[in-house]
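Asker: Following the hints, position chain G against chain E.
Below are the chains, spelled out letter by letter.
Number of protein chains: 2
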Amino acid sequence: MTFEEKLREYARLAVRAGIAVRPGQEVLILAPLETAPFVRLCAREAYAAGAKDVVVEWSDDELTRLHYDHTDAEACGRCPDGLAQRRNALAERGAAILSIRSQDPAALAGVDAAKPAAYIKALHAECAPFYKAQRSGAVCWSIIGAAGPAWAKAVFPGLPEDEAVARLWEAIFKTVRVGEGDALAAWQAHRRSFEKRIAWLNAQNFTALHYQNALGTDITVGLPENVRWAGGGSAAADGRWHFANMPTEEVFTSPDRLRAEGTVVASMPLNYSGSLVRDFRFTFHEGRVVDFDAKEGREVLRGILDEDDNARYLGECALVPATSPISEMGLLFYDTLYDENASCHFALGRGFVSAVEGGSQLDEQGLLAKGINQSDVHVDFMLGTKDLAITGVCADGRRVPVFVNGNWAEGVEG
Amino acid sequence: MTFEEKLREYARLAVRAGIAVRPGQEVLILAPLETAPFVRLCAREAYAAGAKDVVVEWSDDELTRLHYDHTDAEACGRCPDGLAQRRNALAERGAAILSIRSQDPAALAGVDAAKPAAYIKALHAECAPFYKAQRSGAVCWSIIGAAGPAWAKAVFPGLPEDEAVARLWEAIFKTVRVGEGDALAAWQAHRRSFEKRIAWLNAQNFTALHYQNALGTDITVGLPENVRWAGGGSAAADGRWHFANMPTEEVFTSPDRLRAEGTVVASMPLNYSGSLVRDFRFTFHEGRVVDFDAKEGREVLRGILDEDDNARYLGECALVPATSPISEMGLLFYDTLYDENASCHFALGRGFVSAVEGGSQLDEQGLLAKGINQSDVHVDFMLGTKDLAITGVCADGRRVPVFVNGNWAEGVEG
Chain E
8 MTFEEKLREY ARLAVRAGIA VRPGQEVLIL APLETAPFVR LCAREAYAAG
58 AKDVVVEWSD DELTRLHYDH TDAEACGRCP DGLAQRRNAL AERGAAILSI
108 RSQDPAALAG VDAAKPAAYI KALHAECAPF YKAQRSGAVC WSIIGAAGPA
158 WAKAVFPGLP EDEAVARLWE AIFKTVRVGE GDALAAWQAH RRSFEKRIAW
208 LNAQNFTALH YQNALGTDIT VGLPENVRWA GGGSAAADGR WHFANMPTEE
258 VFTSPDRLRA EGTVVASMPL NYSGSLVRDF RFTFHEGRVV DFDAKEGREV
308 LRGILDEDDN ARYLGECALV PATSPISEMG LLFYDTLYDE NASCHFALGR
358 GFVSAVEGGS QLDEQGLLAK GINQSDVHVD FMLGTKDLAI TGVCADGRRV
408 PVFVNGNWAE GVEG
Chain G
8 MTFEEKLREY ARLAVRAGIA VRPGQEVLIL APLETAPFVR LCAREAYAAG
58 AKDVVVEWSD DELTRLHYDH TDAEACGRCP DGLAQRRNAL AERGAAILSI
108 RSQDPAALAG VDAAKPAAYI KALHAECAPF YKAQRSGAVC WSIIGAAGPA
158 WAKAVFPGLP EDEAVARLWE AIFKTVRVGE GDALAAWQAH RRSFEKRIAW
208 LNAQNFTALH YQNALGTDIT VGLPENVRWA GGGSAAADGR WHFANMPTEE
258 VFTSPDRLRA EGTVVASMPL NYSGSLVRDF RFTFHEGRVV DFDAKEGREV
308 LRGILDEDDN ARYLGECALV PATSPISEMG LLFYDTLYDE NASCHFALGR
358 GFVSAVEGGS QLDEQGLLAK GINQSDVHVD FMLGTKDLAI TGVCADGRRV
408 PVFVNGNWAE GVEG
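As they're listed, the protein sequences go chains E and G. Counting from 1 along the first sequence, just add 7 to a position and that's the residue number in my numbering. Counting from 1 along the second sequence, just add 7 to a position and that's the residue number in my numbering.
Isolated chain E (complex conformation) (with noise of 0.2 Å):
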């Protein structure tokens, strides 16, 4: 296939895995400019499989900047007009919303994190409806990537700007199937192989997974009655199946809030909104981060631990092998869609619904008492390496291997 094939047959996947659009639908484009040829694909396939508008809402990594070094903290702290307004009504007419990044890792750097901490705060607040949309199933939609030339450099220093964007592209590419015949049929054998892992999980029934590795993570995670994993895609509220994620390699479940102990260094570093933070870990005790410590960054950690009362709590544990394709790729994204699929990990924050049966049922308050945490905040950060031991503890005190040196333990079918 020559680039171009690949281009169109990556947005005909988006549209058609990723937010699985069906005919009459809306569709919202979220994207920042230097990805323009692409979302215009994307707009094309999206009215080819029917969509009835498409909506594109443009950022800029340096316009974003330039307002954070002029504007002061109140007005970072408000959105723009009219930004919650579009993406509340598109999102309650129930329309589709692909979300493509592209996003330069250094493009906050030395911003005073309390500027986007305050945006993001305020964005969650203002398109509440739009966000809940989204975690609640009642949309399809999706986060994939797109090769800029600014994120193309910093995931290869030493090429020349041209090269380094083909071969991020042919990075992304791979990662996500795209390259070599059908992709959608590449993804439905993708689907069938998370379904029996996530089958043999739920069938162990575990209470909680005992993680350990010689960069000093030692940790016990436990996780909530009769837990549900999931991985590989799940079905909106109208029982259409899409991939939240493109690529995702991950199979996944939030832990019991209250049940954390112990210490978990990270093994990469954390880009959060543009700031980078290295070398950092977390000592959890009954379920709360009670310290935390970074080489770089601390004050970044500190601005996500401070967000809400939960963004303390843990709200996600992920489980991928040290085989997958993108951790095989041994390239360091600086973008969590990538590299959390290139990793075990955990999020800070809000857990899912899909966590516990009849979870999407139930408020705030049913969750919290199911030990699903609630935040504004879900922040990915990664833990695994190639020595990586996880056990699975039992009802009953029985120990399972899981994990073995990074990768799925013998007898854990996929």
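Heads up, some of the hints might be wrong.
Note: identical chains are not told apart, hence a pair may lie in one copy or across any two.
Unchecked claim - Taking lysine-lysine pairs in the DSBU-like style, the calculated list, with each CA pair at most 35 Å apart, reads:
#, residue 1, residue 2
1, Lys122, Lys13
2, Lys59, Lys128
3, Lys13, Lys160
Just so you know, these hints were derived from the structure itself, not from any lab.
Answerer: Frame of chain E; chain G shown alone:
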């Protein structure tokens, strides 16, 4: 000056002379995607001038075209969610508004003219406070151009894309006096030249103008009582001087809407929202278009004329000498912003509050009573030729030459 220096100087000119940004003010920039590098320079200059915040509303010809091709007329007659909220809120807080254009003249070729017409109608209805703030001088606003590939290829059809874009940028710089010394100073001198011609026209106090040329134009256009001429910029409500169009070479006013008699033959094609009209003419009786024809795009003209009750009456007559820099370049820009400054022109639709003393204090009925047309439409078309004669008619019947052979008559200082 290098290209980059000229581009920065142009951005500075747009911000300081076009929208006259004052410290603490918000700025709204409307721009096509392909002008992003220039938009970022404008944002930098706006912050440098003390802007409190800069918001950009992006557009894209290809996505607009896809929208019109795939959505029905009903959907086309709706503003995108949030757009009116953004525009109206910013205008009501006194934001400066910079519109950057770079339109492919063939972008909408073949699109059912009813669709863009329905959209423009919805836009004017829902964004009424936004448009009113500009018309009334409550905010400073400016319309400028920026070279993009599609537009450049239309202006220079024989050249490779890169070269066409470079040539169009140089042409734009020339029209806005950027490239030799301090462009802001050049615009101050330009303003003084306008003031002399306007003083002469106001002193004559013509009751009508008679236009004649060999192309077939023979029309007399009445002027309102104590007509006021304008040009070369205007003062906003707070006294700040700004140039609403850059370039601008025209001295203009509004005719008495009920006193046009005769036929006017267009001397250049009209590009209306991406549709081209060629070789067209209008015949007026008692101010109203009673007959019209076009070799190409007749239905586009009909759409304009039928848009509302007063779209068939004139709102503007503007005087531009054949020796204007833009006229002498001999380029057809396919954009009214430039082409209207190469040629004497009229506009159908809305007239100017500046055409009569105290006009900005009058409501629609008051303006209509003074002969100033009121409409949602304002569409310029060119009639200037190298043999155009314009004769002023005084209250006492005296006839005074205003234009001879396409240029200001001898004795009109500038």
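Asker: Each of the hints needs a verdict: does it hold here or not?
Answerer: Checked hints:
1. Lys122 x Lys13: between (38 Å within a copy, 34 Å between copies)
2. Lys59 x Lys128: both (32 Å within a copy, 21 Å between copies)
3. Lys13 x Lys160: Cα proximity of Lys13 and Lys160: in one copy and across copies (21 Å, 28 Å).
Checked against the numbered hints above, the structure violates none of them.
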